[in-house]
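Top line first, the protein sequences correspond to chains R and Y.
Residues 18 to 441 in this note's numbering are what the first sequence lists, from first letter to last.
Residues 18 to 441 in this note's numbering are what the second sequence lists, from first letter to last.
Bear in mind the hints are in silico, worked out from the structure with no lab data behind them.
Treat identical chains as interchangeable: a pair holds within one or across any two.
Below are the DSBU-like pairs computed for lysine-lysine, each with C-alpha atoms no more than 30 Å apart in a straight line:
{"#": "1", "residue 1": "Lys42", "residue 2": "Lys176"}
{"#": "2", "residue 1": "Lys42", "residue 2": "Lys179"}
{"#": "3", "residue 1": "Lys179", "residue 2": "Lys52"}
{"#": "4", "residue 1": "Lys106", "residue 2": "Lys42"}
Number of protein chains: 2
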Amino acid sequence: MPVPHLSTALHGPILDLENRIYNTKPLIEHWLRSKWREYSVPFYCSVDLRNSGFKLAPVDTNLFPGGFNNLNPEFIALCVQAVMTAVEKICPDAHSVLLIPENHTRNTFYLQNIASIRTIMQHAGLYVRIGTLLPEIKTATIFNLPDGQSITLEPIIRKNNKLSVENFDPCAVLLNNDLSNGVPEILQNLDQTILPPLHAGWATRRKSEHFKAYNTIADEFARLIDIDPWLINPYFASCGKINFREKKGEDCVANSTNKILGVIREKYREYSVKEDPFVIVKADSGTYGMGIMTVKDGAEVYQLNRKQRNKMAVVKEGMSVTNVLVQEGVYTFENINQAVAEPVIYMIDHFVVGGFYRVHTSRGIDENLNAPGMHFVPLSFEPDCLLPNNTKQQGLMPNRYYAYGVVARLALLAAALELQQTIH
Amino acid sequence: MPVPHLSTALHGPILDLENRIYNTKPLIEHWLRSKWREYSVPFYCSVDLRNSGFKLAPVDTNLFPGGFNNLNPEFIALCVQAVMTAVEKICPDAHSVLLIPENHTRNTFYLQNIASIRTIMQHAGLYVRIGTLLPEIKTATIFNLPDGQSITLEPIIRKNNKLSVENFDPCAVLLNNDLSNGVPEILQNLDQTILPPLHAGWATRRKSEHFKAYNTIADEFARLIDIDPWLINPYFASCGKINFREKKGEDCVANSTNKILGVIREKYREYSVKEDPFVIVKADSGTYGMGIMTVKDGAEVYQLNRKQRNKMAVVKEGMSVTNVLVQEGVYTFENINQAVAEPVIYMIDHFVVGGFYRVHTSRGIDENLNAPGMHFVPLSFEPDCLLPNNTKQQGLMPNRYYAYGVVARLALLAAALELQQTIH
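If we strip away everything but chain R, and leave its shape as in the complex, we get:
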């Protein structure tokens, strides 16, 4: 298992922030325990973080995480233990779970993620079968994976408002399909536990709702440990009625961009940060890093060429972008072998179970890294990493991992609050 060599140019407030988080650990864990009692957390979650040296913040929270195959395999036991806890809480009577993946049959990396989730669930003592929404799969079909494993996709059967595959009686359905396309009829009005709930899908979910909930959580946390909430929270605004192709709604995006750039500039002055502020404009719903751009001046929004407009106009599966999130950009100052890196942290139930660095060799420190050409380096999670050593020099890796786990759990809490607020 290669241990990522992480070189980070850290200076200024981040050391204070990390130390503050590390040194108030019992206070934080106590507060989190009370929150886990208050909220039902999603079954699983991954959070993209950015660490700018002066700021550590979540920039995306995924409730249908792919990439379990990128986690350090040595720590799959943590995932299994967390799944056991989740199942005890959510569906203790479940013997069997139907896993519904995305409709990607050619993306073998994605299918390896599905194989990893299946393996984790099986080790937690559940029968797992994989049901696909793809109409072309009419009988059980085996897909061989690059690592020698295989998975079998089976057509889903709906009967008495319950989903199954042939000769299987699942008590719960686990979605790894983010419903970007809307909620298919076959998933509607089921008498089965569905994890995560349908309204966590991108058919209804809005990033702006998530970050609104995150405002609440971040403010409370910042009061708890007595820090400026901005250090863990990016500014954002949202715009609706957008049509990039037809140049509709651009004013909102340009104005929000300039407004946010203005407040970032003030904060940068306050913290003596020398960098140029930037914002990220991205689709308010959806994933896969499509429909996303870096902007340093509102005027740029009016000057997009046709290619850029087209890129912004659609996300996964060709869905049109009509709502966007304008979010404070957070520089990543982390790099691995000269390539820009950002941490992605995975949680099952409320436990941090692993993570990796998303690394991109041809992207800048102010760009989205979730793009073609990225690769992954598992977080090593050595004892020293998961378990910070308080005798060690401050600012070293161990404290960073703990801080990452805390900020990721804040985003998880925000997701719980968001789902509670958006349930119909």
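Got chain R sorted already, so can you dock chain Y onto it with the hints?
Frame of chain R, contents of chain Y only:
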């Protein structure tokens, strides 16, 4: 981390048993989930197992486990996650825990165990201080440990029926002192959560009560997976009013021995086992492998020499043995580098978090290994070990680890039932 090289002469029923356990995993885990809802399990627990090739059974269940320092340090994260779950369930409001160790200040291995427990608790986000019952420790005293760490023992203060050390306000007390000497007055009638409860201590606990509870659990489990309960359960009897020095009560021990040898002999015939049956006679309360002997014929009980009688007459801290357990001996057919080995499995809350092999180079396959001269080899818990691979050849290591974790959890359940039945 050296991976133990385990050579095991396995033949006959054990493969069937291990396969049976592995192949009914979802059934077993589902049943265990229902049990975790029914019972409150002890905070932590270690279980000594014996694997005879034809039988896999717990022979001792420790509710104040030492030896956390012998666990594979790479998997301390599993301990931390399990402690987080335990704390959420038992004392979610706890910020601070007072850890009370055994009264051993010269046994640095034991103190390293205490340092390991402290570290795990701290990583779970608790403030931990160590209060000692030793009257000679009148101020905070630092003990340096061989691995470079140190621990500070502090005198316990009792005020308003709460225990503390100076400038500390613990909401819970974690005992790592098995109360062999009785429950000291300072621990009585406290208004604080005490983990595990006082009646789990050897002042009141009886192994025979534990194995009576284990009978219930083992029978139910055996019905669940349709096996002979004997394959996971050693016969036993208990005798009271014993005084080995004065040769009192020997008849009960001799008769029980012969009776148990008789029923083992029948079972050995049934399973075509060629070995000689034996029993282990040991103190019904207490630990540390004192007061323990191997017997192959009831007559031996009358023929003990003075040295043997003295050895049987006392356990830890000089307490007299008046009650004994006569327990079916289970051969260990496991060995590491030609030395006899037995697995010890550790649990926190209801999670298996690690274990090691207790290895003794100068003991036989029918002897107690918990004796001077033993050493420890951490279970490697590679992904393949914790997580059996169902495509691999049956009977290999992975299945063994899963089976060990299941039988250890049966003993844990028995401890939960025992504590429920013995509460006053």
